[in-house]
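The primary structure of each chain is shown beneath.
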Amino acid sequence: MAGSNTADTILAVSSPPGAGSVCIVRLSGPRALGRVAFLAGLDGSRILACRGFSEVQASLQLDALSLPVRVAVYRSPRSYTGEDLCEITLPGSLPLVSLLTRRLIASSPDSEGEVRWAGPGEFTQRAFLSGRIDLTEAESVAQLISAAGEAEARASHRGIRGELGARLRSLREGVLECLALIEAALDFPDEDIPEVSRETLLGRVGEVKANVERLEDATALRVMTPSSLRVVLCGFPNAGKSSLLNAICGRPLALTSPVPGTTRDPVRGVTFFEGRRLEWIDLAGTTDTEGWTFGGESDEESVIWSAVRRLTQLELESSDLVVWVVDSTGDFRASLAARERIKAPEIITVFQKADLVDSQARQEAVLEAPEAFWVSARERSGLENLVAGAVAAVERTRGAVARVERVAPSFFVSTHQQLALERIGDALARALGGLASTAGFEYVASDLRDAMAALDDVLGASPGDAVLDWVFARFCIGK
Amino acid sequence: MSECAFDVLVVGGGHAGIEAALAAARMGMATALVTLDSRAIGRMSCNPAIGGLGKGQMVRELDALGGEMAHAVDDCGIQFHMLNTRKGPAVRAPRAQCDKHRYQDRMARVCLSTENLTVLEGKAEELIIASLGSSVGGAAYRLLGLKLADGSELRGRAAVLTNGTFLRGLLHCGFEQTKGGRVGEDAAYGLSPFLERLGFERGRLKTGTPPRVEASTVDWSRTTPQPGDDPPVPFSHSSAGVVLPQVPCHIAHTNEETHAAIRENLHRSPMYSGVISGIGPRYCPSIEDKVVRFSEKERHQIFLEPEGLDTSWIYLNGLSTSLPKDVQDQVVTSVPALKNARILQYGYAVEYDFFPPTQIRATFETKLVEGLYFAGQICGTSGYEEAAGQGFLAGVNAVLKLRARDPLILERSDAYLGVLVDDLVVECPREPYRMFTSRAEYRLLLRSDNADVRLMETGHKLGLIPAESMRRLEQKKRQVAAAARYMETHRHEGKDLLRLLRQPEHSYRDVEALDPGLQALSLSDDEAQAVEVEAKYATYIDRQNQQIEKWKRMERRVIPENFDYGAIKGIRAESREKLGKVRPRSVGQASRISGVTPADLGVLILYLDLPERRKGVS
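Line order of the protein sequences matches chains A and B. The opening residue of the first sequence carries number 8 in the numbering used here; numbering runs sequentially from there. The opening residue of the second sequence carries number 4 in the numbering used here; numbering runs sequentially from there.
In short, the hints are calculated from the structure, not lab data. Do not rely on the hints blindly, as some may be mistaken.
Claimed, not checked - Heads up, incomplete: computed chain A residues facing chain B, CB under 7 Å, no partners named:
1) F130
2) I200
3) V203
4) E206
5) E214
6) A399
7) T445
8) G447
9) Y450
10) V474
To be verified - So these bits of chain A aren't anywhere near chain B, every CB distance computed over 12 Å:
11) R58
12) A125
13) G126
14) F135
15) G337
16) E386
17) E391
18) L439
To be verified - Per label pair, the in silico range of CB-to-CB distance:
19) N343(B) / I200(A): 56 to 66 Å
20) N565(B) / G213(A): 46 to 56 Å
21) L72(A) / G598(B): 41 to 51 Å
22) N343(B) / G467(A): 52 to 62 Å
23) G31(B) / G213(A): 27 to 37 Å
24) G467(A) / R475(B): 41 to 51 Å
25) N392(A) / R502(B): 30 to 40 Å
26) R502(B) / G213(A): 27 to 37 Å
Note that the Cβ used here is the ideal one computed from N, Cα and C, for glycine as well.
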């Protein structure tokens, strides 16, 4: 029920997520500051301490993710709405916006009112009610609200048409059928209508639930979790690590040059292999092993190198796998010896520049390290073997790696729609739980009704007598 | 021309009229019940049964508030059955077949012997009214009394119209048409044109009845008996128990021969030839409707319901029809069990006037005429239980208004009766309105087992529930609380009893059997069910309570009665018209009016907030 209680805190996303580079989430009302401060953890007190207008850099804790954002705080009465108002600027990524708005809303109503999506024109309505904007006639504001309502209706109509609309409507049909079967059984126990069993309902509700999940997958990239696989490329300077990273990721991420020590900061790239997410980290051309010197170091340079070494060690410790890169055209024995001093959970060896090595040197190297991979970044050969080998090596020690789907979004949905999908999914999951236990059908129905309400909400459909219409159309009721 | 003065006038002696008149009289008002035929008070025009899904809960609610119906069922019931015992603990509902004549006699006796209540025979033809100055949202007239067909006048400060199917009632049997509200009875042809002239909007509905047959001509060996519950569970919270001997119903089926007879004669059906214009209920279709719409069904059920212990009349539930008599003969005799059956009364359809309930307030008082109330089928509903509930609420509210006390308005979260009221005032029904449990959002809380907990206090405050019943309610509440507390703190083989009860396979009685302390509490079935449901479904109940809390915030945003929708700009014309007509009590209720959009609500709230929010802002 939108456009209602002025005691509530309202929220809106002001630039369309998905395409834009930044996005603003705006909250107004008694709980605006409190909710943002709550998510900001340690930075929260700075938000609460704001007077008048100020901007705060803060890290918001969203599940496992720490999201750096800019928060503009406008204290009542010096804001557009006249209430406490916060604007959070964040990257315009749909999963992020969805995660953030969900966390802002996720709290049950209390004495200070709930946090909810703003109704059409509701920010303006509040501005008017608090006397912040000077419209002489209530009429003008009323027209603004209804214009916003119509614009919204048009926009949502556009959004709900086409493939997404068709799929949402088919979900609604599915939920309606399950619900109507239950309602018919409950309301017409004497009638000559086919008995619906728990098994049948489990099947049907399960099907609808699977369709909700498919739609969720198709609507957005899931938020990447930091649980993906971390692979560190390590080796002597100029062993060809940066070229290898660029070849694996298929684009130039790292500067490459024949001069040793070109890479100083770790460079990262992400690839996917059969549903697993791999993060490749190219370390600066050194490890904390002794024995290498870099000619002509100035004092300044040595400070830099010591910082680089510290970073390197951190990366190594948190990696899942070290890929030790050996220049097959250089002194591979020295390199293989150095490899023994690396402390890492799992190490594999790769001979780079395979296209440049002569066959005798290659034979010797194979004898020395028979399990090593052979690649040529320049010719892009042996890369697939290496990636597969890297994953296999990790899974040998750590067990199967969680897979993340990388599905290109087929539909752009608003956060509101995405939240509705989640609500539908949750309600259906509860319904399945009820069906799997011995809960009375009316309890299962209460969960299906929740799913139905969320669908009606997102489709802008009015519930009316949909269930009874369904029952009377299909069953001969009439004792 | 005689004249007589009362506080409350009730027109109609059906299920709505009885409850309205008894409530008003018992609350101490000089009440008159005006009926065409005092011998027809409490007559069951349709099937001889009360209760069912949604309906049974309403009768229990009515009983908790101080209504009469449940007592009459307990005194006259001849087959009791608790529905959904295996399907859903929160949607169990009682139903009972009643001895039709005993029921009628009993209701007439109560009406005739109740203090403050006068039963008068007569036909109300017109209202006596006074004009009021017009004001926004206010009534145009005030009720002063009734003018009867014989020219006499009854003065009254309030009147409740419960005319049932008698307003311009027209009976159809084939193309044979008879004026009447029920077979063999008169109808009221003056009142509804009068109301229409005053400015009320009128509609027309239809309902039907099946043939009745002579019991001795039924071949009972070809039917399946359907016994009631043993022991029968009474309806009323303060029942002394079921008194009459219990008898079974029987089931038979139609067959291809039946359907062929119907199909061949469809052109002789007033429904199918367009003679009947009133809209009939989808949940209670005629047999011709069933055969046409569900042609793939090879057979339809017929319930053979006895109309009483001392009568040979058998009601053929499921065979409702308006086909001509010779076709009804064919239809009935095509059923093997009814091969030699003699029809005592042919089925017929009845068309009647109703007045869309968007013209009444949640107190059942009409918006147009102050002091005039509508209840029952005149509001577009069907069913004895729906009628009784409305009659009661209308009667009570008429009294409360005369005493200048707050009205009794039940909410959707309070009772099925609250759902009924809200549905009626928000949207005119498309067909005769019947209660279903699916209409109640908060069904898990509106149970038959807790009707007393929900409503008895209210009935007591009205003065309609005696102290003795309240003592029993307190006792029940104590029992339920004590059992819950006991189970929380006592264990069986290391597990606390409440945990045991939460396991799906255990009923309260199972757990009770494990613990002598629990046995000592000796909970009644009703109490045991309350404990069980609340333990097993605690999470659902919590969630539903949260939903109610959220929902109520919108219901509490009251819209003043004199709110001027005409002055609102920026709202769509269609919404303004609907809002102005329905005049919702709250923003919540406004949101349930079909076609009213969130933006419309936004504008509405803006105007509601104006006076207070702009205070102090220049």
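- Message: Output the indices of the hints that this structure fails to meet, ascending.
- Response: 1, 2, 3, 4, 5, 6, 12, 13, 14, 19, 23 and 25
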